[in-house]
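Asks: Listed in order, the protein sequences are those of chains A and B. In terms of my numbering, the first sequence is residues 1 to 518. In terms of my numbering, the second sequence is residues 1 to 174.
The hints are simulated quantities; they were obtained by calculation from the structure and are not laboratory data. Hints may contain errors.
Unchecked claim - Derived contacts from chain B toward chain A, CB cut-off under 7 Å, selection only:
#1 Met29
#2 Cys74
#3 Thr79
#4 Pro82
#5 Ser87
#6 Glu99
#7 Lys100
#8 Pro123
Where is the CB? At the ideal position from N, CA and C, for every residue including glycine.
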Amino acid sequence: MPKVKLNGKEIEVKPGTMLIDAFKQAGEDIAHYCYHPGLPTAGVCRLCMVEIEGNPRMQIACNTVVTEGMSARNNSDKVKEAVRWGLNFHLINHPLDCPICDQAGECGLQDQYMKFGKYTPEMSEQKVKKRKVVSLGERVVLDSERCILCSRCVRFTSEITKTNELGIFNRGDHAEIGTFEDKPLNNNYSMNTVDICPVGALTSKDFRFRQRVWYLKDASSICTGCSTGCKIRVYYNEEGLFRIKPEHNPEVNGYWMCDKGRDIYKHVNPEARLQEARWGQVGNWQVKDIAEALREAGEAIRASVRDSHHSKVALVLTGQQTLEELTAAVKFFLSDLNSRDIYHWINNPEEMEKFDGLLFRGDRNPNTKGLLSLLASEKVSATWAQLEGKLNSHEIETLMVVGPEDPGVFPDLAAKLKLFAKAKRLVWLSSARVAAVDQVTTATWQIPLKSFFEKDGTLVNAQGRKQTLRKIATLIPAAVSVDQAVAVMSGREKAVPMGKFELNWKKTNFFVGERGSL
Amino acid sequence: MSIVNKPGAISTWYLPGILSGLWLTLKYMIRNLFDKKKMPTLNYPEEVYQYGPRFKGNHILTVKKDGSIRCTACMLCATNCPAQCISIVAAESADQRVEKYPIKYEIDILRCVFCGYCEEACPVDAVRMGPEWQTAGLNGSSFSYDIQHLAYRPQLKGGILSRVDDEERHKFGI
Ligand code: SF4
Ligand code: SF4
Ligand code: SF4
Ligand code: SF4
Ligand code: FES
Numbered sequence: 001m002p003k004v005k006l007n008g009k010e011i012e013v014k015p016g017t018m019l020i021d022a023f024k025q026a027g028e029d030i031a032h033y034c035y036h037p038g039l040p041t042a043g044v045c046r047l048c049m050v051e052i053e054g055n056p057r058m059q060i061a062c063n064t065v066v067t068e069g070m071s072a073r074n075n076s077d078k079v080k081e082a083v084r085w086g087l088n089f090h091l092i093n094h095p096l097d098c099p100i101c102d103q104a105g106e107c108g109l110q111d112q113y114m115k116f117g118k119y120t121p122e123m124s125e126q127k128v129k130k131r132k133v134v135s136l137g138e139r140v141v142l143d144s145e146r147c148i149l150c151s152r153c154v155r156f157t158s159e160i161t162k163t164n165e166l167g168i169f170n171r172g173d174h175a176e177i178g179t180f181e182d183k184p185l186n187n188n189y190s191m192n193t194v195d196i197c198p199v200g201a202l203t204s205k206d207f208r209f210r211q212r213v214w215y216l217k218d219a220s221s222i223c224t225g226c227s228t229g230c231k232i233r234v235y236y237n238e239e240g241l242f243r244i245k246p247e248h249n250p251e252v253n254g255y256w257m258c259d260k261g262r263d264i265y266k267h268v269n270p271e272a273r274l275q276e277a278r279w280g281q282v283g284n285w286q287v288k289d290i291a292e293a294l295r296e297a298g299e300a301i302r303a304s305v306r307d308s309h310h311s312k313v314a315l316v317l318t319g320q321q322t323l324e325e326l327t328a329a330v331k332f333f334l335s336d337l338n339s340r341d342i343y344h345w346i347n348n349p350e351e352m353e354k355f356d357g358l359l360f361r362g363d364r365n366p367n368t369k370g371l372l373s374l375l376a377s378e379k380v381s382a383t384w385a386q387l388e389g390k391l392n393s394h395e396i397e398t399l400m401v402v403g404p405e406d407p408g409v410f411p412d413l414a415a416k417l418k419l420f421a422k423a424k425r426l427v428w429l430s431s432a433r434v435a436a437v438d439q440v441t442t443a444t445w446q447i448p449l450k451s452f453f454e455k456d457g458t459l460v461n462a463q464g465r466k467q468t469l470r471k472i473a474t475l476i477p478a479a480v481s482v483d484q485a486v487a488v489m490s491g492r493e494k495a496v497p498m499g500k501f502e503l504n505w506k507k508t509n510f511f512v513g514e515r516g517s518l
Numbered sequence: 001m002s003i004v005n006k007p008g009a010i011s012t013w014y015l016p017g018i019l020s021g022l023w024l025t026l027k028y029m030i031r032n033l034f035d036k037k038k039m040p041t042l043n044y045p046e047e048v049y050q051y052g053p054r055f056k057g058n059h060i061l062t063v064k065k066d067g068s069i070r071c072t073a074c075m076l077c078a079t080n081c082p083a084q085c086i087s088i089v090a091a092e093s094a095d096q097r098v099e100k101y102p103i104k105y106e107i108d109i110l111r112c113v114f115c116g117y118c119e120e121a122c123p124v125d126a127v128r129m130g131p132e133w134q135t136a137g138l139n140g141s142s143f144s145y146d147i148q149h150l151a152y153r154p155q156l157k158g159g160i161l162s163r164v165d166d167e168e169r170h171k172f173g174i
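Given the sequences, and given the hints that come with them, work out the whole structure.
Replies: Dropping the structure here:
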């Protein structure tokens with residue numbers, strides 16, 4: 001293990017480490033734009049200058065491998081001067097756009113100017129004007145004036161997605177980012193270019209102008225968009241959730257996530273949610289207190305078991321809930337009701353095994369593995385065909401369905417609901433408001449569930465990794481988790497425990513200097 | 001430097017305090033009866049006090065030369081406002097030269113403390129505090145000033161021109 005001395009600090013690093021990583025390991029601030037730990041080195045921004053002992057000229061730290069006994073520093077006046085001039089040159093053609101730029105607040109130029117710049121610009125020439133508000137595809141907007149040509153986005157499309165949409169065209173101060181012959185940038189990972197762009201040159205169409213970043217609070221979570229389970233950061237405030245970005249997890253997603261996963265906040269926001277418990281059927285719905293609805297539904301389920309000596313109830317589960325919730329529901333059926341009629345609703349059987357080679361999987365449930373292993377360990381072997389048979393012959397009196405959190409990934413939803421309506425009574429638990437459920441022709445309880453944003457739990461991803469989900473805030477006061485619901489339904493609890501009232505996400509200026517640091 | 005005379009024991013007595021207060025009232029009443037011109041109070045609303053033109057009262061949103069609103073919806077004023085009474089919703093503009101503009105800009109004037117921080121925060125001289133200070137209204141909603149009121153109320157006679165002009169800025173290449 002080579003020992004190096006950085007700004008006088010002696011540390012030990014792994015052989016083959018780049019000097020810039022060593023600086024980060026030592027906890028020393030170092031200016032940089034083009035370096036990104038998930039991308040190959042380019043060495044184009046010339047900002048990560050360091051002075052290496054025994055070397056007359058300054059070198060860039062992102063393209064220098066450490067050697068035994070190396071001694072480098074970046075806090076000398078010479079280096080500081082070089083970085084200041086580097087920044088000065090980067091900003092020569094940069095427009096005065098910060099007020100209307102979505103990146104402001106988490107911008108690499110703003111951050112590094114405050115940290116390493118603070119010069120008075122000496123440029124008297126006119127700025128070079130370039131294209132603004134260029135739509136690059138369905139999700140990304142380019143502003144070439146703001147681009148500092150760090151080439152991160154280009155390297156991303158050439159090395160990570162290998163789709164090569166982006167390139168740098170022209171030369172000198174006319175150089176700009178673009179797509180060849182204006183072909184769109186529409187791959188499923190395109191929004192990562194927005195994240196890695198250190199300035200506001202690439203912005204997301206979905207998020208553009210919806211919030212200033214300092215109005216958003218953020219918290220770590222797990223993406224529930226597919227069974228990969230990428231680690232994510234959710235940005236929200238009292239007005240709802242606004243965007244999702246990936247967080248680094250070397251075991252699962254590295255630095256990236258897919259574009260489909262970035263949409264999962266949409267079905268968590270209150271306008272897409274089932275807001276209160278309801279009872280009734282098509283054309284006649286009654287709003288109920290959640291505890292009352294749960295007691296009634298539980299009573300109906302237990303009555304169906306009591307009155308008939310063999311099982312007239314069934315439970316349908318999806319891989320959308322946490323392991324704890326699924327376990328509670330399964331236990332309710334196995335031990336309280338003595339029924340083994342538990343079925344797994346597979347939403348897209350043809351796509352289940354698909355994998356795009358990078359992150360995105362065809363199985364768009366975050367916890368299919370967890371559900372399968374749970375059913376296997378409880379030796380539940382009922383098949384979907386059996387359920388269909390029982391429903392078609394009207395054998396099932398009360399059917400309990402723990403429905404999807406994201407109805408968008410259940411293409412068979414309407415058809416399945418027609419099937420479920422053949423039961424005499426339906427207990428439908430779901431976090432989403434599904435229009436098709438309002439059309440069912442059988443007596444139904446609709447119970448609002450919590451989304452991944454609002455509960456603790458465990459998800460088992462496609463690799464079999466158990467990942468912990470943490471509650472971030474409450475959006476729907478009436479919503480319950482499946483285990484809370486089951487506790488009331490089985491008669492163990494009389495009421496749903498009141499959630500704590502939180503005010504920690506009131507919209508204010510949450511501005512933190514760390515946000516968006518490169 | 002002001003010199004404060006510490007009150008003695010006599011000031012804690014009840015009657016001397018009350019009587020000296022009544023005497024003061026009586027003195028001014030008699031003076032006002034005989035010399036109305038020196039009376040400092042005004043018969044508002046018949047008589048209105050004229051503040052200086054630089055008085056910082058009700059907000060104005062300035063406009064550009066073409067009459068459209070100057071504000072770029074950067075939300076710096078809303079961020080800076082200590083009363084949190086400015087609410088802005090930004091949107092993409094159809095105008096190629098504009099990019100971002102507010103589709104909603106509302107000031108809840110009853111919450112405003114007239115500190116002027118919004119004016120100071122604005123990078124483009126889009127919000128100013130004008131000389132008007134009379135804010136009568138019939139109900140709560142008349143105290144929520146929207147773009148129509150802030151930029152185009154009749155008193156402004158078609159709008160106040162902003163000092164920051166993008167066209168000129170672009171001409172100078174900045
Ligand atoms: S990229 Fe950064 S410096 Fe440039 S306009 Fe946007 S926020 Fe300002
Ligand atoms: S668009 Fe952004 S990421 Fe791409 S080269 Fe320009 S500054 Fe770098
Ligand atoms: S004057 Fe002060 S309180 Fe009133 S809107 Fe402006 S910043 Fe807010
Ligand atoms: S009034 Fe000024 S500070 Fe406020 S949003 Fe508009 S441009 Fe920004
Ligand atoms: S040259 Fe090293 S970070 Fe850009």
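Asks: Next step is simple, just say for each hint if it's right about the structure.
Replies: Each hint, compared with the structure:
1. Met29: This interface hint is violated because 51 Å lies over the 7 Å limit.
2. Cys74: OK, holds: Cys74 of chain B within 7 Å of chain A, min 3 Å.
3. Thr79: holds (5 Å)
4. Pro82: violated (11 Å)
5. Ser87: The hint is violated - Ser87 of chain B has no Cβ within 7 Å of chain A, the shortest such distance being about 10 Å.
6. Glu99: Nearest chain A Cβ about 6 Å off; hint holds.
7. Lys100: Because about 4 Å separates Lys100 of chain B from the closest Cβ in chain A, which is inside the 7 Å limit, the hint holds.
8. Pro123: holds (5 Å)
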